[in-house]
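With the sequences and hints as input, model every part of the structure.
2 protein chains.
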Amino acid sequence: MLRDLKDARRNTLKRNSRLSLALHTLSHMAGNPEKMRTSADIADHAGTNPVVVRRVLGRLREAGLLTSEKGHAGGWQLARAPEAITLADVYLALDERLVASDENADAPACSVEHALHKRVSSVLEDVERSLVQKLGETSISEMRGN
Amino acid sequence: MLRDLKDARRNTLKRNSRLSLALHTLSHMAGNPEKMRTSADIADHAGTNPVVVRRVLGRLREAGLLTSEKGHAGGWQLARAPEAITLADVYLALDERLVASDENADAPACSVEHALHKRVSSVLEDVERSLVQKLGETSISEMRGN
DNA sequence: GATACACGCAACACATAATGTTACGTGATC
DNA sequence: GATCACGTAACATTATGTGTTGCGTGTATC
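Protein chains in written order, with our numbering: chain D, 11 to 156; chain V, 11 to 156.
Rather than coming from a laboratory, the hints here were simulated on the basis of the structure. Hints are supplied without guarantee of correctness; some may be wrong.
One copy or two, it doesn't matter: identical chains are merged, so the pair holds either way.
Said to hold, decoys possible - Calculated cross-link-like contacts (lysine to any residue; reagent style SDA-like; alpha-carbon spacing at most 25 Å):
#1 Lys144 <-> Arg107
#2 Lys80 <-> Asp51
#3 Lys80 <-> Ala91
#4 Lys128 <-> Leu102
#5 Lys80 <-> Pro92
#6 Lys45 <-> Lys128
The model shown is predicted, which means the values in this text are computed figures rather than measured ones.
Following this line, the structure appears as structure tokens:
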């Protein structure tokens, strides 16, 4: 029965999966920052795979949000106080770029098209900045019910 | 040569392709709202396929941003003044939901996990609303250089 | 009314990117 | 040294979007 439930939860691809996983995990960790958590535990809670967890959390570690320890009694911990980790930190660590494109697209040959392209990109960049600013207003500690 | 250039431009998958195509097309149309444009013309400018154009613009028509006419001398036109079409209109018409998930994800069994999930979703919904508001501040007429 | 034009839509192939999974190496602790 | 947990590579699987073709429908032109 528990097996069936787990089967129902896994193998489901979600949009914004990385961001969702990162946010849920960090929020959960914020409730007990001292506790060391293994990728297996986290994967169980998130209904996914330990390797996937390590992939995502690895990016957060590169951004300085998490620390990881190998070996016995190893696992993951917050690198700093949960109040000091904002959603923007998480978003930027994952390098998602939800709104603006990555700007490596081909530049149109026509000059008027080129100007329009630059204008659109500029506006979307502005929106992206606005998004990051909004994300920066909330810390992961505020995601807990406490 | 022109053949090669076109070959280089097509078959390139971009992120946010629909939004990008819609924005560029509408901005371009805003420069000359009276002109009727065919999906073939638009596809040429965008370096894509007429069917793809019709797919994307079809959504914009459903949202009341565009009108399409069949038959000879048919094509696409803005349904209203370009000043009255905001980026939020376009974004919502495409139903992208860049930040918040589609909320059809499975609800966790554990109650504390469930509460956290709801909290995270709530915050992301708030961010999404903020994004739409920001997009609503710019009209497609402002994307033109004029 | 026949023809050409343009959208509407379905069906399929193809490409891309993410996740799921397995396996093996490395470091740390007991 | 045995165990545990991360680090990483490699591959399979899945999801999503795009490219493409074909055919139907409606409309203007001749």
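task: Go through the numbered hints given earlier and state which of them the structure violates, listing their numbers in rising order.
output: Every hint satisfied by this model.
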